[in-house]
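Number of protein chains: 2
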Amino acid sequence: MYIGIDVGGTNLKAGLVDETGHILDTERTPLRFTTAEDFAGTLAGLAGTLLSRAGLRASDIVRAGIGIPGAVCGGDILYTCNIPLRDVPLERLFRAHLDIPVRMENDANCAAVGEWLCGAGRGTRNFMVVTLGTGVGGGFILDGRLYAGGGMVGEVGHMVVEQGGALCGCGRRGCWEAYASATGLIRMTYEAMEAHPESLLHAVAAERGGVEGRTAFDAAQRGDAAALELCHTYVVYLAAGVTNLVNILQPEAVAVGGGVAGAPEPLLMEPLRQIVERECYPRHTGKIPRILRAELGNDAGMIGAALLDRAI
Amino acid sequence: MYIGIDVGGTNLKAGLVDETGHILDTERTPLRFTTAEDFAGTLAGLAGTLLSRAGLRASDIVRAGIGIPGAVCGGDILYTCNIPLRDVPLERLFRAHLDIPVRMENDANCAAVGEWLCGAGRGTRNFMVVTLGTGVGGGFILDGRLYAGGGMVGEVGHMVVEQGGALCGCGRRGCWEAYASATGLIRMTYEAMEAHPESLLHAVAAERGGVEGRTAFDAAQRGDAAALELCHTYVVYLAAGVTNLVNILQPEAVAVGGGVAGAPEPLLMEPLRQIVERECYPRHTGKIPRILRAELGNDAGMIGAALLDRAI
Chain B
1 MYIGIDVGGT NLKAGLVDET GHILDTERTP LRFTTAEDFA GTLAGLAGTL LSRAGLRASD
61 IVRAGIGIPG AVCGGDILYT CNIPLRDVPL ERLFRAHLDI PVRMENDANC AAVGEWLCGA
121 GRGTRNFMVV TLGTGVGGGF ILDGRLYAGG GMVGEVGHMV VEQGGALCGC GRRGCWEAYA
181 SATGLIRMTY EAMEAHPESL LHAVAAERGG VEGRTAFDAA QRGDAAALEL CHTYVVYLAA
241 GVTNLVNILQ PEAVAVGGGV AGAPEPLLME PLRQIVEREC YPRHTGKIPR ILRAELGNDA
301 GMIGAALLDR AI
Chain F
1 MYIGIDVGGT NLKAGLVDET GHILDTERTP LRFTTAEDFA GTLAGLAGTL LSRAGLRASD
61 IVRAGIGIPG AVCGGDILYT CNIPLRDVPL ERLFRAHLDI PVRMENDANC AAVGEWLCGA
121 GRGTRNFMVV TLGTGVGGGF ILDGRLYAGG GMVGEVGHMV VEQGGALCGC GRRGCWEAYA
181 SATGLIRMTY EAMEAHPESL LHAVAAERGG VEGRTAFDAA QRGDAAALEL CHTYVVYLAA
241 GVTNLVNILQ PEAVAVGGGV AGAPEPLLME PLRQIVEREC YPRHTGKIPR ILRAELGNDA
301 GMIGAALLDR AI
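If you read the sequences in order, they're chains B and F. According to our numbering, the residues represented by the first sequence are 1 to 312, in order. According to our numbering, the residues represented by the second sequence are 1 to 312, in order.
In short, the hints are calculated from the structure, not lab data. As the structure is a prediction and not an experimental result, all values here were calculated from the model. Be a bit skeptical, because a hint or two may be false.
[Said to hold, decoys possible] Covered by chain B, per the in silico footprint, the following chain F stretches (three or more residues, Cβ under 8 Å):
1. 152–159
2. 235–248
[Claimed, not checked] Computed list of chain B residues with no C-beta within reach of chain F, every gap over 10 Å:
3. Gly41
4. Gly138
5. Thr243
6. Gln250
[Stated by the list, open to error] Chain F regions said to be covered by chain B (calculated; three or more residues, Cβ under 8 Å):
7. 137–145
8. 280–287
We put the CB at the ideal spot given by N, CA and C, even for glycine.
Just chain B, same shape as in the assembly (with noise of 0.2 Å):
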């Protein structure tokens, strides 16, 4: 039996889960951070609720996985983007509560295992997910191992894809993840707005108390032409780094995840699948990579810390 742990900037999650990556149970909590020591005290806790519950000792579990938005290094935290997390040795303070073996992983390379072992990835050696979220993370499989590099592999959003374009929280101009994660579609949504007093954009919008990663897809279906053009656009940028992603490392397949994933298929994917189909360097050989739409939604991360033994 493993445990899987997902870090998240607002909740922390637990998982207890089987070797064939089956959730059995989970438990979850705010998070509400003071020290790295009560931190740790935290995760221990969430996977100790899980264990009595269970009617497991912690010899019971063969490991457990603990994803992390930032990068790490062998049991250590050396950086985290929204939690003050530097350097903290997460392993040995985890231990002190609760001694089993801990293995620790970018939050990204975590769902890039769990979507591998359980999900769109299955019994592919090169494979990548592609995140879209409030920004754009990425984790690759390369010959059947997860690619873990120094740290801080897969930062796939701070590409840039239009020198001297939009500014990212990163310092640099252009980056893909100021287009294509869900915060760049609502900066453009908003633009759009602008440009187009007359567009359903707005209806939608106020439907809904405010513009979401979705208001565009939603007018689109309706058939607003300034929605359908914004969802077109946003498409293009989308596509545009992910066949950057399969010319540098060509994989079989490659999955798109996170919130703006669930946008209606004719809409998303589709296009997407066509401009990379069309567009990408592979082609000379037919041997065009699957473009997919990730399956396990917000459990990826949880499972693939789990089973994070089994892709490395």
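Dock chain F against chain B, hints included.
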């Protein structure tokens, strides 16, 4: 003893290479392509010449490695860019002439292996080579092995860095290759000459019988303002792609090779390093990759082809 063969668009070159990557003898001939059978015979002939000059028999050679400008799969050429070879069983055709074990790989991958084992990448586990020539090529050593994926990996030149930008030979617009290759630099040099009739670029080009990749650097070294601006623009584009690759794969070192890499250090490598260090994502963990000049020049591919066994 090993044999490394480098298949170029205009020349075929073979080398007798020892276990440490030293080249003991070389033999070359212009490419005059007629049929795949003749082509294989020519390659075997080059190897045979090296054997007889060294007084060796076929059984003294552990393996011959062949670097191909295109995609390979096992002993077959799937596709090449500039030679009409498609779905050619080259290993079989070669061994009909000279029966020694053969391994084939993409030429940029061979160069990456060469630089990794014997050049700028010695001692790293995660390393990449970027080659600035007629096009822009790339090869990756990841987790201590060549990452060859589906035979068409490392087409880093066909990463869009300027959405809707200059048309690339691959059909996309704004590919890195359209800016960072020698070809791209020459195009930008013509543009700068047209915009600046007073520039020294005109005199430098006239002295050398035409515009070359080095024209911009030569004029900049003489203090020409338009040339200095052009070199800066070139480095900004070069750095955009290198930073993208660093953010995606976070290697320990990136080696820059090819003709353009011979430009004066203060005009190319120094500003390149400064931009990558300032913009790359791994700066958050202090693990900034080293940006190095490739060391082996035109021999990297031949040495890497010979020693492919050690990278797979």
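Against the structure, the hints come out as follows:
1. 152–159: holds (count 7)
2. 235–248: holds (count 8)
3. Gly41: holds (25 Å)
4. Gly138: Contrary to the label, glycine 138(B) does not stay out of reach of chain F, its closest Cβ about 7 Å off (not over 10 Å).
5. Thr243: For threonine 243(B), whose nearest Cβ neighbour in chain F is about 7 Å away, the distance does not exceed 10 Å, so it is violated.
6. Gln250: At roughly 4 Å from the nearest Cβ of chain F, glutamine 250(B) sits no farther out than 10 Å, so the non-interface label is violated.
7. 137–145: holds (count 4)
8. 280–287: holds (count 5)
The structure does not agree with the numbered hints 4, 5 and 6 stated previously, though it agrees with the rest.
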